[in-house]
Amino acid sequence: MIWVDTVLQGVLLGGLYALFALGLSLVFGIMRLVNLAHGDLIVFAAYLILMLVTLLGLGPFVAALIALPIMFGLGWALQRVVLNRVLGTDILPPLLVTFGLSVVLQNALLEGFSADSRRIPAGWLETASLPVGPISLGVMPLLTFLSAIGVTLALQFIFYRTSLGRAFRATSDDPVTASLMGVKPASVFAQATGIAMVVVTIAALYLGTRANFDPTTGPARLIYAFEAVIIGGLGSLWGTLAGGVIIGVAQTVGAQINPEWQILAGHVAFLAVLLVRPRGLFPRAFD
Amino acid sequence: MAAHYTVTTRTTASQIAAAAALVLLAVAVAVPFIASRSLIQDLFFILTMLTLAQFWNLLAGYGGLVSVGQQAFVGFGAYMLFGGAILWGVNPVAGLLLAGVAALVLAIPTAFFAFRLQGAYFAIGTWVVAEVVRLSVAQWKAVGGGTGTSLPRDARDAMWGAGWIEGAFDVRASEARDILTYWLALALAVATIGGIYWFLRTKRGLALAALRDNVGAARSVGVDSERMKWVVFLVAAFGTGIAGGLIFLQNGRISPDSAFSVIDWTAFVIFIVVIGGIGTIEGPILGVLVFFALQTLLADYGAWYLMVLGALGIAVMLFAPGGLWGLLSGRTGVQLFPIQRRLNRHD
Numbered sequence: 001m002i003w004v005d006t007v008l009q010g011v012l013l014g015g016l017y018a019l020f021a022l023g024l025s026l027v028f029g030i031m032r033l034v035n036l037a038h039g040d041l042i043v044f045a046a047y048l049i050l051m052l053v054t055l056l057g058l059g060p061f062v063a064a065l066i067a068l069p070i071m072f073g074l075g076w077a078l079q080r081v082v083l084n085r086v087l088g089t090d091i092l093p094p095l096l097v098t099f100g101l102s103v104v105l106q107n108a109l110l111e112g113f114s115a116d117s118r119r120i121p122a123g124w125l126e127t128a129s130l131p132v133g134p135i136s137l138g139v140m141p142l143l144t145f146l147s148a149i150g151v152t153l154a155l156q157f158i159f160y161r162t163s164l165g166r167a168f169r170a171t172s173d174d175p176v177t178a179s180l181m182g183v184k185p186a187s188v189f190a191q192a193t194g195i196a197m198v199v200v201t202i203a204a205l206y207l208g209t210r211a212n213f214d215p216t217t218g219p220a221r222l223i224y225a226f227e228a229v230i231i232g233g234l235g236s237l238w239g240t241l242a243g244g245v246i247i248g249v250a251q252t253v254g255a256q257i258n259p260e261w262q263i264l265a266g267h268v269a270f271l272a273v274l275l276v277r278p279r280g281l282f283p284r285a286f287d
Numbered sequence: 001m002a003a004h005y006t007v008t009t010r011t012t013a014s015q016i017a018a019a020a021a022l023v024l025l026a027v028a029v030a031v032p033f034i035a036s037r038s039l040i041q042d043l044f045f046i047l048t049m050l051t052l053a054q055f056w057n058l059l060a061g062y063g064g065l066v067s068v069g070q071q072a073f074v075g076f077g078a079y080m081l082f083g084g085a086i087l088w089g090v091n092p093v094a095g096l097l098l099a100g101v102a103a104l105v106l107a108i109p110t111a112f113f114a115f116r117l118q119g120a121y122f123a124i125g126t127w128v129v130a131e132v133v134r135l136s137v138a139q140w141k142a143v144g145g146g147t148g149t150s151l152p153r154d155a156r157d158a159m160w161g162a163g164w165i166e167g168a169f170d171v172r173a174s175e176a177r178d179i180l181t182y183w184l185a186l187a188l189a190v191a192t193i194g195g196i197y198w199f200l201r202t203k204r205g206l207a208l209a210a211l212r213d214n215v216g217a218a219r220s221v222g223v224d225s226e227r228m229k230w231v232v233f234l235v236a237a238f239g240t241g242i243a244g245g246l247i248f249l250q251n252g253r254i255s256p257d258s259a260f261s262v263i264d265w266t267a268f269v270i271f272i273v274v275i276g277g278i279g280t281i282e283g284p285i286l287g288v289l290v291f292f293a294l295q296t297l298l299a300d301y302g303a304w305y306l307m308v309l310g311a312l313g314i315a316v317m318l319f320a321p322g323g324l325w326g327l328l329s330g331r332t333g334v335q336l337f338p339i340q341r342r343l344n345r346h347d
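First to last, the protein sequences are chains A and B.
For the first sequence, position 69 matches number 69 in my numbering, and the numbering has no gaps at all.
For the second sequence, position 149 matches number 149 in my numbering, and the numbering has no gaps at all.
In silico SDA-like pairs for lysine to any residue, Cα to Cα no more than 25 Å straight-line:
id	chain 1	residue 1	chain 2	residue 2
1	B	K229	A	A272
2	B	K229	A	T89
3	B	K141	A	I263
4	A	K184	B	L318
5	B	K229	A	L92
6	B	K229	A	D90
Please keep in mind that the hints were generated in silico from the structure rather than gathered at the bench.
Isolated chain B, as found in the complex (with noise of 0.2 Å):
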């Protein structure tokens, strides 16, 4: 009798994964309707670093692009959106998508100029484009020049949904907007696991892993691996910049320092996903808590915070390459959002 195969990604934790997402995700959704203010606010940070962490290892852990230079792209993005409400009236919530646009237009040019630089001397390219990125907008006298702008209050008002949520929540128009932001950072970040665990199941993404483990078996079979590191640096770009804009939407202030801070945009997402797991889409979920969690717990500690995070970056590099969640799933085989495919047969 012929045997037949089947291909599947799918485990048993992985179908529990799935449901028990859905309902976190339902629950989620509720969050504003029983959360305090502050929670919500807490949620948003965590949502948004979330999603960029995602993308930042979306370029290093699979396209192996380590960029020290995303900050760009968050800036730019924002100050698209703050230039769009200021000079042209865009509607804030149009403006992510204004946002997204703009960093994907800018990647463009970075990535002409920083794919000449090879191996690890990218990451440093990367850096330089952000500082000229920086300087520029800096000099852009109609959203403040080098000391930054706030968001009209015409614009504020404006954005679309928030006064349906102060009518039905009846809350101020301030809460109405954290929990708006909170919404559109929920939805970016669902839509970019989603989108990049699909990415990841697709022809593509099996290149882009093929790639990843070795970029020479993988070009012997055919992977264009230009053209792949295009596509990952744009799509990462267009969502870092969504991000960027959803951030100071939700911040009302912007300024070249804030928004083009390496720390912030790019230190910080760099130890999410290292302290959390590179190249798996969980260590990122899972370093976003870590990092949340530290950040509470040393808050008033100031410098010793950043050290304390930087030493259990060097310490996760030097000691469990593949993170948090890297030892927990060597340790248990689990994994939630499995892209291995595996050959079944039924005789």
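Bound conformation, chain A alone (with noise of 0.2 Å):
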């Protein structure tokens, strides 16, 4: 039964891993490019809910609503200034500038808010259980999982069903093609960035409301979400859940058999997935 209950934890736990790699998923689908900023972030954006509920005295979940479009506006405006600036063919200056603003973003936040470990409070949910059968599922991580599934439907829908969508796909193909039917790519890159900032937010919420958090906290963010896209398959948005399911499954398992094992089982499961099927479980991108 204790197996039971450790897979279920880590598959909710992979939910959240999920939220944190549909961002960085979506942003490499379409503009190829790998944000080492992320997961700082992700971090940034759980100061700002947090900073939202200790001073106006919101709950956690209308702080995130206010958070999302001034995040969505930050994402549009680094990608508008900075990053459209460096996209081609070298990969090395939007990933030595991405890499610039990761080390900027922490010392900025260490800067700000001390390097003390902080939550966003959310009151009797961070309690709350829900007993299914033998076994009882937090409500909180069970939240997280159901959003981690809501956001894949949802940027599914944009993708294939919305005009934006379709400009997406088509600047992911080819921009110049694009650009002579009338999508300009600059425009359709910072709608991206803007969208993945969006879903950035929601992953702060949980990430916030979970656990402790501090200015360090990014890179590992990163690295979880980046196990997870490459498990997942490249341009997959399914894939991506299930690498984040794989890797919250592979930490908890770990962690059952030795709690300093936790962080390196993950690692060690993207690296197994990695030896057999190097394009990841379910590829759908060729690059």
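Need the complex rebuilt from these two chains, each delivered in its own frame; the hints are there to steer you.
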């Protein structure tokens, strides 16, 4: 029974990792950009929500709702002002610029909020749980997982059912031809990063309410997100969700065997998948 | 009358630079005779960071391999030096070679995994490997597990050459060790710069530069890009491992968090190379001087220092991708380490 519980907790934890990963997956899929500041942007959004909660006395979900458009705007501006300038065939400039951004963000947060670890208060929800047979599942982990499914469905809908999604796919396939058809890649990329930041904000809400975070939490979140994307296969949103679940289960099972092995077990699972299926479990893109 | 041709890489500037470098090297060797201990420690820091920067530049600037996981080789090399000294009584100076070889061995599985990841994902792949090595080393109880350990006193005292320096300079044992590690760092930095310069001027170096400039064109004339990637990655790991061993030999204390620090051994190194000028040998040299100056000026401002460094790195990448050396060289045409071949006609 303990193992069923462990695996279930792992699946739910995987929902959080999938939320970390979906934004990364979206941006990479559309513009082949790997944002090394992705994890730090999640932590930044968590501090933004925390500030709205403590300064305005709002509930965490209302605060996140206010943070969503702010983060969308920031993502849009980041892409427009900085990242669009460095996109191209050379992978070096975008990597180094986002790496620089990661260091700047971490230290700006350190300066602004100190190194103390913080948590977004969520009241009774923090400890609430639902009994499912002999196992009890936390309400927050369940909400996280359901949100991950919801975000995947929403992104899937945007991608395949809207004109914006058509522009995304066209620009991803061939930006030059897409621009001949009246699509402006610079603007499409800005909107994509904006949407990725919306997903980042949702991830930040659950990161901040479920566990402590501090300014240096970001890079590890980037690594989990990246592992989930690679395990799932580039370009597949459902694959990313599955990748998150695999990392989550590997971590809880590892922790069950020896608490010191939690993080290591997740990384080992990633390396094992990379060994057997270098293109991930459900690859769609070819690059 | 038949013309004949010769190929040269030398320029007037490079000949002056070579002469100046020899003078500078002689001064650098003699520094311990006149300088204070803190100056020697500063120079040690500059030289080891320069070595790390040159190897990262070889990887990213020439090999196109943007690694964010070089701390794996710094940390693993350093840990093998400590492990060798603690478990098998290896002399720490000989342990430097062990550090390099250990990093080289680690680089083989690392490359095997990371080369499966295309382009930008390679960067995070190397980072994951570094995390795996850090977490695994933290389980190694003989070298202190997660809290780390110090280099044992008898290993420290046994360091080759330290006793001689102690007598010759009439200094305390700790100062003698600083002088010894400084000379080792100087030798390593000179060997690194000399070795990379020599390598870039060979046939393989030409192949590497061709790959950097245009992968497709280089392959079409028979350059084996896969093989060059392996060579560069393994060489960089070997050198980075030795540098890591040396840094922690001088430090005398090691812990997983300090040995595998992504900020110290990768972020700083990347900023040095980017600010100085990526893809040139001169760039990291200029970059490490700027880096040291910034650190001295802003040391008291903590987080602000890293913010300035990060912002400067972003600004350079956006507005002057060639770095400071690129600006300088672009204006004046000066090359201190020329690798371009020029054809001269003699009638």
